[in-house]
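Undergrad: Each chain, letter by letter, is given below.
There are 4 protein chains.
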Amino acid sequence: MFFASDNAGPAHPRVMDALVAANQGYASGYGADAPMIEVRQMIRDIFEAPEAAVHLVATGTAANALTLATLSNPWEAIFCTPMAHIHEDECNAPEFYTGGAKLALVEAIDAKMTAPTLLAAIEREETRGVHGPQRGPVSITQATEKGTVYTTAELMALTDVARSFGLKTHLDGARFTNALVSLGCTPAEMTWKAGIDAVSFGGTKNGLIGVEACVFFDPAVSKQFELRRKRGAHLFSKHRYLSAQMHAYLTDDLWLNMARQANAACARLVQGLEQVEEVEIQFPPQSNLLFFSAPRSMHQRALQAGAVYYVTGGDPDSGPADERLTGRLVCDWSCDHGAIDRFIAHLRQ
Amino acid sequence: MFFASDNAGPAHPRVMDALVAANQGYASGYGADAPMIEVRQMIRDIFEAPEAAVHLVATGTAANALTLATLSNPWEAIFCTPMAHIHEDECNAPEFYTGGAKLALVEAIDAKMTAPTLLAAIEREETRGVHGPQRGPVSITQATEKGTVYTTAELMALTDVARSFGLKTHLDGARFTNALVSLGCTPAEMTWKAGIDAVSFGGTKNGLIGVEACVFFDPAVSKQFELRRKRGAHLFSKHRYLSAQMHAYLTDDLWLNMARQANAACARLVQGLEQVEEVEIQFPPQSNLLFFSAPRSMHQRALQAGAVYYVTGGDPDSGPADERLTGRLVCDWSCDHGAIDRFIAHLRQ
Amino acid sequence: MFFASDNAGPAHPRVMDALVAANQGYASGYGADAPMIEVRQMIRDIFEAPEAAVHLVATGTAANALTLATLSNPWEAIFCTPMAHIHEDECNAPEFYTGGAKLALVEAIDAKMTAPTLLAAIEREETRGVHGPQRGPVSITQATEKGTVYTTAELMALTDVARSFGLKTHLDGARFTNALVSLGCTPAEMTWKAGIDAVSFGGTKNGLIGVEACVFFDPAVSKQFELRRKRGAHLFSKHRYLSAQMHAYLTDDLWLNMARQANAACARLVQGLEQVEEVEIQFPPQSNLLFFSAPRSMHQRALQAGAVYYVTGGDPDSGPADERLTGRLVCDWSCDHGAIDRFIAHLRQ
Amino acid sequence: MFFASDNAGPAHPRVMDALVAANQGYASGYGADAPMIEVRQMIRDIFEAPEAAVHLVATGTAANALTLATLSNPWEAIFCTPMAHIHEDECNAPEFYTGGAKLALVEAIDAKMTAPTLLAAIEREETRGVHGPQRGPVSITQATEKGTVYTTAELMALTDVARSFGLKTHLDGARFTNALVSLGCTPAEMTWKAGIDAVSFGGTKNGLIGVEACVFFDPAVSKQFELRRKRGAHLFSKHRYLSAQMHAYLTDDLWLNMARQANAACARLVQGLEQVEEVEIQFPPQSNLLFFSAPRSMHQRALQAGAVYYVTGGDPDSGPADERLTGRLVCDWSCDHGAIDRFIAHLRQ
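Chains as they are written, first to last, in UniProt numbering: chain A, 1 to 349; chain B, 1 to 349; chain C, 1 to 349; chain D, 1 to 349.
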C-alpha cells in the first residue's frame, strides 16, 4: 500500500539488465558513448524530429532548470502555475540556473493554465521599458502536479498565446509518458505539433533509476545546452549508464507499457475510491496520481493499516475525526493491484 | 590497451550486484533511504570522524563545486594549482556554484603546490580593503592531475599556511583512494589530521558508476550543503542507487583493492616504460596515472596498434618523426596486465 | 503641472551648494572621506542607533537589492507585495544580487500586507525539507507604491509575524521621509522599535541627486555589505559627492521639510480632486502620491492642457469618453501649488 | 603634494557649473533626458561611429563589468593581464556580472599584453570540447594600470590575434583620454579602427564626479546592455546629472585639456625624478601615473614632509634605510606644479 511517490519504487528489471549489460569493457565518456548515438536517434524517431537536439541528465530538476536557462535570459520572467514543480519543489534551481530569472505565476484550473489566464499573466508582466522583468518562456507541466492532463488542443491554445508575444514554451514532462498514454496521441502531437519548443522528457518517475532527456526541436541551442550542462556539473563521465537506461526504456515499448500500468493502477484506485462514501476526488485523475479528500478518521485507518501516502490540510494523527484532509496517491509501474484493493477496503472498512 | 581515462572502464561487478539488490520494493527518496544511514556511518568510521557531515552526489564536478561553494563567499579567491581539475576541466562550474568566486593560481612543482608557493599566492592576493577579491579556501587535489601524491607532511604544511590566514582547505579526492594506498596512511591522516576541512571523496574514477561523497569535518555546514545540492539539482530522488554503490564500495575493502589494482597497473607501466629507450617519464608516478614523453614515431606505433590514450604537444599523426610528444596513461581497477605488456612491446618494437 | 514622478524634479539648491562646497582639494575615496564620518553619525543619531552600520549607494534599486542580498540566502523566498518596487520595477535586480532568491507575493490591501496575509504567505511557503525555497526576509515598502502608509502598530504586527518564523525584515524606504512626516513618529519608532532589521533610507525621491543610505541595526553584517557593494560596482571612488548630498539633506531638517512640502502638495491635490465630480480616489493618500479614477475625457482635458502623469487602464487618447482610467499623481518637494490648482481647474473645466 | 590617486581630486569647475545648470525644472529620467540625446551624439561624433550604442554609468567598475558581461557568456574565459583592474581591483565584479566567467591571465611586459603572450594565453585555454572554459573576450586597459600606453599598432596586433579566434575585444578606458593625448591619435584610431569592439570611456579619473560611457560599435547589443544595467541597479532615475557631466566634459575640449594637464604634471614629475640620484623609474611613464623605486629613507623624507602616495614592497616607516621600495605617483588635471617641485626637492633634500 505504498502510494507516496512514483520515484520510490524499483526500476524495471529490464533497465537493470541493460545496466549490467552495459558494464563491459571501455566506453567513451561524457556523452560520446556509442549507445547514446542510438538513443538520440530513437528519441528523434519517437518525436518525428530528425533534427532535434537530445541530451541526457540524471534528475528532473536538472532537466527543467537547464532547459529553461537555455530558453531564457536572466532578466526575464518565466510563466508557470503556482503548483509547478519548478516553482514549488526545486529550491530555486530555476532561478539559480537562469542567473536570476523570475517565475511569474499563472492562474490554474485543475492545475492547468488556460489561454485566458496565461494571457492575463503575460499582459500583467508589462515591462515598462527596462524597468520590469521582460517576458520570457512559458513552462507547462504535462501531466500536471495534480494528475490532470492538457489536451493537445489546450496545449496549442497556450503556445498560440505564447507565440503571439514571441515567447518560447517548455514542457516539463516528468510524467510525459503518463500523459501521452492518457491522451493516446503521439509525442509529436503532444509537443512540437502543438507548438512546444523544448521538452524535459522524464524517465525517472516511470521506471528508470534516474534519467531524463532534454529535447530541443530547434537544435541551434544544442551546444549552449551542453556547456550549461557541463558547467552545472550534470555531464556524466560514465555516461553509458544513462544511455543504457534510456535505451532499455525506449525498447519494445517499455516506456509506454510502464506508464500504462501506472495509469491503470491509478484508475483502479479511482474506481475504488468512488465507491467509498465520504471520499471526494479533487482533480480529474487523468494520469497516475490523484488527490482525494476524506475524514481524518478514514485516513487514520488507512495509515495505521500500513498505507503510505502524503496527507495535507492537517495532522492526520490528531484533530476532529470528521475534519476533511487531503490525501495524495501516486502509482508507479510496479504498483500492486492487490495493495490497491486492500487500501480501498481499509478506507471503507 | 586502453589508457585514456579511469572513468571509461566498467564498474566493479560487486557494484552492479549491489545495484540490482537495491532494486527491490519501495524506498524513501532524496537521501532518506535506509542504506544511506549505513553509508554515512561507514564513511564516518573510515575517517574516524563521528560527527562528519556526509552527502552523496553523482559527479566529481558537483562534489567539488558544491563543496567549494559551501566553504567560500562569492567575493573570494579560491587557491589552486594551474592544472587543477576545478580550474581546467569544469567549464567554470566552481565559478557558477560559488556565485562568481575567482580561482587564484598557485605555482606548482610536479603538479603540487608547496608551502612557499601557496604562501606567495595568498600574499599576492592582498585585498586592499574591499577592492581586491578576499582570500578564500585552498583546494588541493590528491592524487594530483599529474599522478603525483602529497605526503601527509606536505598536506600539513599547506594547511598550516592556510590556517595562518584563517582559510579553509578542501581536498579534491577524485583519486582519493589511489593516493591513500600509495601513501599507506589512514583517511584521517590524509585529511583532518593533516588539517583538511572538507573532502570530495571520489568513487567514480575508482570502479563506481558515478558516486562521490562530500565530507565536511565541521557538520555545521551540513544543512547549507543540502540546500545547495538541491538547488544545484544534484539531489537524487532515487537516492538508494547512489547509496548502494557507495555501500558496496566500502564493503570488504573493495575501494582499497580497486585502487591497489589501478596503482599496480600503473607501476607495471612505469617499469615497462623505464626500459624503453627514448622514453622519459615526466612526473613522479605515484598513483594510477603517468605522463611520458616519446618521439612521435613511437606514439604513432602504439596508437596504430590500437592503444588508446591522450597525446599532447602536437598532432601524433603528422610532423617530424623524432619530435617529442607527451602521452598520458591512466589505469583503472580493471586494467589488464597483458594489455600493458603489449603496449610496452609496441613502443619498443 | 508635472506629476509623473518624484524623481524628475530638481535637487534642492542647498544640495547643489553642498556639492560645490565639497569640490575642493583632495579627499580620500571609497567611503573614507571625512564627511562620511559625520554622515554616519548623523544617521545613527536620527535613528537613535549608535551601533548601526550605515553605507551609501546612488540608486534605490541598489539599496534594496544589496540590502536584501545581505539579509538572505539564494535558496530563500523574500516576501513582498505584488506591487512592490523590488518585484515590479527592478528588472530582477533582487534575484541577481541575491544569487537567485525568489520573491514570494503577499496579498495586499491598499498596497499593504497585513499580519494575516503575511502569515498566510509564509505558511504557504512550506519548505518540505530542502525541496521548496526556504523562508527568507520580509520586505515592506514605506510609504507604499500606492501612497499609503503603514502605522507603526501595523509594522510591529508584521515584524512579529516575521520574527515568529525567525525571519528578518527590510524596509524599502524610497519614500521613508514622506511616511515619517505623515505618521509624525521618529525614525526609530518607524524602524527598529517596530522590529525592522534594515532600511533603505531614500534620498533620491526627496530632493537629492541620487543617494540612498543602507542602514543595518545589526552592524555584524557591515563588512559583508561593503563587499557586496564593491562587487556590485556601487562603491563610488569619489564618494565625497554622495556624502555631501546626504549631509546637506540631514542638516537643518531639510529632509523633513522637503517631505512635508511634497506631502502638502499631495494633500492639496486630494482636496482639489475631492471636489471634482466623477473623480474617485483609489487608495487612502497618505504621503506624496495618489491614484484617482476619472473618465477618459477628463484625463484628455488635463493632458492636453499640459499635465504630465501616468494613466493606466487604457489608452487616454482613444476609446469611449466615459470609460474610467486611472491616473497616478506624484509630488516632490518642488511641486508648485499654482500648478496643482490649474490642474484641478482643468479637470473640472 | 597629493599623488595618491586621480580619483581624489576635485571635479573641474565647469562640470560643477553644468550640474547646477542642469538642476532646473523637471526632466525625464532613466536616460530619457534631453541632454543625453546630445551626449550620445557627441560621443558618436568623437568616435566617428554614427551607429554606436552609448550608455552612461557612474562607476568604472560598472562600466567594465557590464560591458564584459554583454560581450561574454558565463562559461567563458576573459583574457586580461595580471595587473588588470578587472582582475585586481573589482572584488570579483566581472565574475558577478558575467554570471561566473573566469579571468584568464595574459603575461604582460610593462603591464601590456603582446600579440605573442595573448596568443599563448588563448592557446593555453584549449577547451577540450565542453570541459574547459570556452575562450571569451579580451580586455585591454588603455592607459595601463602602470601608466604605459599601447600604440595603435600594438592594439591592432592584439585585436588581430583575438579576431583570429573569433573573440571580441574590450578597452578598459578608465584613463582613455590620458592615453589618447599621449598617442596624439583619434578616438576612432585608438578603438574601432584598431579592431576594438567596446570601450569603457572613462570620465571619473579625468575630472568628473562619476561618469563613464559604455560604447559598443555594434549597436545590436544595446538593448541587452540596457537590461543588464537596470538589473545591475546602475540605471539612474535622475540621469540628467550624469548627462550634464559628460556634456561639459566633451564641450570645448575640456576632456582633452584635463588629460593634457594630468599628463604634463606626470611628465614634470618624471623630469624631476630623473635628476634625483638613486631613484629609478620602473615602467615607461606614458600617461598620468608612474612607479619609481627609491631607498626607504627617501620615501620617509617625502612622506614626512606631507607627500601622499602609495608605497609597496615594505613598510615605509620601518626597515633598513637603504632598502628599495616602490612608490606610485598619480596626477590628475588639478595637480599643482609647485607641489611637484616641492616633492622632488624633498626627495633630493
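Hints in this document: simulated from the structure, not taken from any laboratory. Even glycine gets a Cβ: it sits at the ideal position worked out from N, Cα and C. One or more of the hints may lead you astray.
Derived DEER-like restraints, expressed as beta-carbon distance ranges [to be verified]:
(1) 278(A) <-> 164(C): 32 to 38 Å
(2) 315(D) <-> 28(C): 19 to 25 Å
(3) 166(B) <-> 188(C): 35 to 41 Å
(4) 278(A) <-> 123(C): 23 to 29 Å
(5) 50(C) <-> 25(D): 57 to 63 Å
Examples of chain A residues toward chain C, derived with CB under 7 Å [unchecked claim]:
(6) 30
(7) 88
(8) 100
Undergrad: So which hints don't hold here, by number, going up?
TA: Hints 5, 6 are the ones this structure does not satisfy, whereas the remaining hints hold.
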